[in-house]
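Protein chains: 2
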Amino acid sequence: MKRNKTLSSLGEFGLIDFIKKNNTRPQKYHNVCIDIGDDCFCFKSERNSKYLVTTDILIENTHFKRQWSTPEQIGEKAVEVNVSDIASMGAAKPLYLFISLGIPKDTQESYVKRLFKSIKAACDKHGIHISGGDTVSSEFITVSITLIGMAFDGVITRNKAANNDLICVTGTFGDSGAGLDILQKSDIKTLKLFEKQLVKKHLLPQARIKTANLMAKNINITAMTDSSDGLFKSIELLTADNNQGACIDIEKIPVSKALRKFSGGDKKKLYSYALFGAEEFELVFTINPKDKPKLQRLVPQVSYIGTVNNTNGVKYFENGKKQKVEYCGFKHF
Amino acid sequence: MKRNKTLSSLGEFGLIDFIKKNNTRPQKYHNVCIDIGDDCFCFKSERNSKYLVTTDILIENTHFKRQWSTPEQIGEKAVEVNVSDIASMGAAKPLYLFISLGIPKDTQESYVKRLFKSIKAACDKHGIHISGGDTVSSEFITVSITLIGMAFDGVITRNKAANNDLICVTGTFGDSGAGLDILQKSDIKTLKLFEKQLVKKHLLPQARIKTANLMAKNINITAMTDSSDGLFKSIELLTADNNQGACIDIEKIPVSKALRKFSGGDKKKLYSYALFGAEEFELVFTINPKDKPKLQRLVPQVSYIGTVNNTNGVKYFENGKKQKVEYCGFKHF
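Respectively, the protein sequence lines represent chains Y and B.
882 is the number of the first residue of the first sequence in this note's numbering; add one for each residue after it.
882 is the number of the first residue of the second sequence in this note's numbering; add one for each residue after it.
One or more hints might be untrue.
Note: identical chains are not told apart, hence a pair may lie in one copy or across any two.
To be verified - Think about it this way: if two alpha-carbon atoms lie no more than 20 Å apart in a straight line, the pair counts; the simulated DMTMM-like pairs of lysine to aspartate or glutamate are:
#1 K986 x E941
#2 K1073 x E941
#3 K901 x D1005
#4 K986 x E1199
#5 K909 x D1005
#6 K1001 x D898
#7 K1041 x E1117
#8 K1077 x D1062
Derived from the structure by calculation, the hints contain no laboratory data.
Chain Y with its partners taken away, still in its complex shape (with noise of 0.2 Å):
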């Protein structure tokens, strides 16, 4: 009954939809290149320097755990998802951070001091200034951060890929899913090292941003955004916009030695792990085939996993053989 909806119901993807379709339209002063509904918001100055501004917010029990994760661990992972963002918009700096915190009236001051040192330690690395804040008690620990980066020329958005584009992607897929699950189904105490990899993969994500801006600066992306709901999620991002589709290699997907030991030769475990496992950050973009060459020679760990096409939806494919995938993602609501 749509009146009793809930939102878990609506899911996440609906609400942000609903604000995208019930927003105003920005007016002239608010110079904006890159509205809502992208990894970030792009606004100009008066004078053309462009800013990207991005925001995200973890909770506990929904994010994280704290008999999981040390403080300098959800520290860290919550400056990286918002650098993640701004690297998705190609050759940028981040710049200055806002973090709101929400904490438990009994939490040891150390353990306040340690979170907040290791947020500080993640935003040096960037070259990141902290530069407010707020900070309340809640019942759960919530940490709320925006980050204001420059962008340096053009802004990739996720919605340019042309047809025949190819779809590439850094690093590998699932490590964090698979990591996550092992943290809720395991004793942590008693790890084997390739579980012990992959839940630090979902522990501790590191924003491509480097390689996000040694890219844009040499080649031509023409799409791009990370993968932080997951690789499946983000080809559709790529080309649903556009009512583009996509061909997928399903074993072009590259996929981690410790998630392969861990998935047991179960194929279909492993690339359901490596489509839907959420929390990755790594960049998934589109490039004219021309330029694969020089994106070899540049960054040659980059891997090619399909091709844009003008038909609408995204097709799989192994060994030629059209498969279906399954959805078993993260999700919030």
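Got chain Y; can you put chain B on it based on the hints?
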């Protein structure tokens, strides 16, 4: 024992001080005009456009309760609180708003839509464009907002009051604090008219941005802040940084008829609310005495409650007699 200190004993201002002390100096490319610790952070673009940034987080049961506030009131207050920080910087226009919402899974879709629509309506009122956001699940409703604005000319900080400057305020004080106490202690269905007026000031504060713009464009305001943490704290903020002090005439602090009625002739109660009641969002500012006639013509409603001096500490007087004022304000931790 220091080792076991909780955040409750450290306090909110202690944490912000910790952040300030442990922060890194901004680099040249950051173009920082006003660093962390004022109502807004301020940076300038390469060509001198000045941007103001503020962030605030409202968490259910800390800042509001669902049984007290409609989603419309929660949304509007969340925006006004941030607009008030922009107003505190002088002649400025709020431009871009970013919302991170934490929403419990079982929340009705209609509730979230009402919350968002009220945020949008408040933004429309101020010409603000909703520019981004993040929605996640949480145990309690969490509304984290970052607002970016642009300063027209100079920016008014908290720490530039001079000796003999007059301390000026807009509006009345204590209503919001009394409103909160009424909500906590009374059956809200059977409130008297004056109680309803006090409650409304708590649930729906209005940012004084029009007055701030008008004054900042015409008068040399030497220092300004808003009274989000109570008038007592605001006066401290305007003087403490320069080891200044102030003399305040308690009976000159403007209070509403509703608060007088609520206090029932108990002056101690009346001025305790007026000085320590938080979430008032009035402007507290200083001017050179020679500018008083001009300000009186421009904004007749402004009250003049005291004078800045070079002694360390703020002293309170009632009919020329020094009074001790006691803290009973709202503490986050």
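Next on the checklist: Tell me the numbers of any earlier hints that the structure contravenes, in ascending order.
Outcome noted: 2 and 4
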